[in-house]
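**Q** From just these sequences and the hints, can you work out the full model?
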Amino acid sequence: MNLGRTQQRIRWVTLAVLVGSAILLTILDATGALTGVMGFVRDPLTYISGWTAARTDAVSDVVAGPRNLNTALEEINRLQAENDALRKENEQLLEAAGEAQILRELFNRAADTPEYRRITADVVGQDTNPILQSMLINKGYDDGVRVGMPVEAARGLVGQVYRVTNNAAQVALLTETASAIPVRLGSTRATGMLRGAGRGALPTIDWIDLQYDVQIGELVTTSGLGGKFPENLVIGRVVDVERNEAELFQRAVVQPAVDFTTVEIVFVVTEFNTINTDIFDEEP
Amino acid sequence: MPKHIFVAIPLMAVLAVLHTSVLAQIPVLGAAPQLLFLVALAWGIVRGMEEGLAWAFVAGMFTDLFSLAPLGISALAFMAGVAGPLMIRRALPPHRLLVAMFLAALGTVIYLTVYAVGLRIFGFGIGLGGLAELLPLIGFHAILILPIYLIVDSILRTFRPRRVEF
Numbered sequence: 001m002n003l004g005r006t007q008q009r010i011r012w013v014t015l016a017v018l019v020g021s022a023i024l025l026t027i028l029d030a031t032g033a034l035t036g037v038m039g040f041v042r043d044p045l046t047y048i049s050g051w052t053a054a055r056t057d058a059v060s061d062v063v064a065g066p067r068n069l070n071t072a073l074e075e076i077n078r079l080q081a082e083n084d085a086l087r088k089e090n091e092q093l094l095e096a097a098g099e100a101q102i103l104r105e106l107f108n109r110a111a112d113t114p115e116y117r118r119i120t121a122d123v124v125g126q127d128t129n130p131i132l133q134s135m136l137i138n139k140g141y142d143d144g145v146r147v148g149m150p151v152e153a154a155r156g157l158v159g160q161v162y163r164v165t166n167n168a169a170q171v172a173l174l175t176e177t178a179s180a181i182p183v184r185l186g187s188t189r190a191t192g193m194l195r196g197a198g199r200g201a202l203p204t205i206d207w208i209d210l211q212y213d214v215q216i217g218e219l220v221t222t223s224g225l226g227g228k229f230p231e232n233l234v235i236g237r238v239v240d241v242e243r244n245e246a247e248l249f250q251r252a253v254v255q256p257a258v259d260f261t262t263v264e265i266v267f268v269v270t271e272f273n274t275i276n277t278d279i280f281d282e283e284p
Numbered sequence: 285m286p287k288h289i290f291v292a293i294p295l296m297a298v299l300a301v302l303h304t305s306v307l308a309q310i311p312v313l314g315a316a317p318q319l320l321f322l323v324a325l326a327w328g329i330v331r332g333m334e335e336g337l338a339w340a341f342v343a344g345m346f347t348d349l350f351s352l353a354p355l356g357i358s359a360l361a362f363m364a365g366v367a368g369p370l371m372i373r374r375a376l377p378p379h380r381l382l383v384a385m386f387l388a389a390l391g392t393v394i395y396l397t398v399y400a401v402g403l404r405i406f407g408f409g410i411g412l413g414g415l416a417e418l419l420p421l422i423g424f425h426a427i428l429i430l431p432i433y434l435i436v437d438s439i440l441r442t443f444r445p446r447r448v449e450f
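Chains as they are written, first to last, in our numbering: chain U, 1 to 284; chain E, 285 to 450.
One thing to keep in mind: the hints can contain errors.
Stated by the list, open to error - Chain E stretches covered by chain U per the calculated footprint, using a threshold of three residues with CB under 8 Å from any CB of chain U:
1. 302-309
2. 313-319
3. 350-356
4. 402-412
5. 420-430
Stated by the list, open to error - Taking beta-carbon pairs under 7 Å as the criterion, some of the chain U residues facing chain E (in silico):
6. G125
7. I131
8. N166
9. A172
10. F260
Said to hold, decoys possible - Computed footprint of chain E on chain U, listed as stretches where at least three residues anywhere in the stretch have a Cβ under 8 Å from a Cβ of chain E:
11. 174-181
12. 196-205
13. 210-221
Treat the hints as calculated values from the structure; they're not laboratory data. Even for Gly, the Cβ is constructed at its ideal location relative to N, Cα and C.
**A** This is the structure in structure tokens:
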């Protein structure tokens, strides 16, 4: 019995001490009196907690991985699609810019010579024969294109319509051997006949009088003689002169101004003012 | 009219359009490969001289539709380029792929020669420099004939098995 009371007393005292200690520590901690002591205890525990938390995160990542991976893959796919769309848009803009540049040059060219009537045509093909040089355009007889009409690009003369169907035409390039164009040199004003030399060779101007001192770099334009081409269409520049005093005439090699491999849009000149040669038809 | 011509006409039409609009604009080593000629030659190697010539004719006609060349020049050149190699084929060793390469190279030389001569007659010319630019075409054709020959051969084996006589 006495033992029982004693035990009960000890229990109550213990409880009171513990509760009292707890309240005391709470008060002391709240007032900051225990900072040093608590730091001494907390630091190693915090370290252990951090290490444990890191391991836990790793395990958590492994467990939650598939969900995050799926999210990441979806994000990658979305970004990839967005990137593809932007690339496509960029290519379209570049294409449009290139086309606008071509059209601007053609417009400027048309503005220089408003007296000509022209048809704009797209280049849709090249010659299928490896030896010949021509291009196929998407305008033909129904559009007013006829055999022999001059064809020019923004930078200069391309050639001449060689064959026409209802909706297309074959244009012989001025570099083709079948081509012969009356030309004039820019500074010396000498005239001659530009003949194509075929694949792998530059066209040459024949029949230039020896009295002219032809210079390399001179501009070559159409002379308009013969009435098949208008005057002053740019052809190219002289890159070489073959002069032999023993001959009656000299020759000049010409680099065309137009890069025929990159031409996309051309003008077919349907009407132009020809040089009046009626004086030669009158009887003396 | 033999049935194979009904295959040749649409196929060559498609190839000619492809050639003028795509291949001719992206030349390899300065010249675009003549797919039409190679297909005709491959057909000739597999099916014999007669059918090869018919295919070469059709190929040449379609080629000239998109060219300055007078209609028929390419047909002549292609037929010469197919007939010449096939005539000497029996004298060659029986290694079919190497033979196909050799025949393509030889055929290309022949058809380019006939082209040049024929075009010269009609007022179109080509200088030595121009011909030299076309030399890579010979090697290119010799390589390109392999896939074309194998495709044509496998198609024909599938759809037209050879007759075996006992």
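**Q** Work down the list of hints and note, for each, if the structure agrees.
**A** So, going through the hints one by one against the coordinates:
1. 302-309: With 5 residues in contact (Cβ-Cβ under 8 Å with chain U), the coverage given for the segment 302-309 of chain E holds.
2. 313-319: n = 3 at 8 Å, threshold three: holds.
3. 350-356: holds (count 4)
4. 402-412: Three-residue rule met by the segment 402-412 of chain E, so holds; n is 6.
5. 420-430: violated (count 1)
6. G125: holds, 3 Å
7. I131: This hint holds: I131(U) lies near chain E, its Cβ roughly 5 Å from the closest one there, short of 7 Å.
8. N166: Nearest chain E Cβ about 14 Å off; hint violated.
9. A172: Holds: closest Cβ of chain E sits about 6 Å from A172(U), inside 7 Å.
10. F260: With Cβ-Cβ at 11 Å, over 7 Å, it is violated.
11. 174-181: holds (count 3)
12. 196-205: holds (count 5)
13. 210-221: This one is violated; 0 residues, fewer than the three required, reach chain E with a Cβ under 8 Å.
The structure shown violates the earlier hints numbered 5, 8, 10 and 13.
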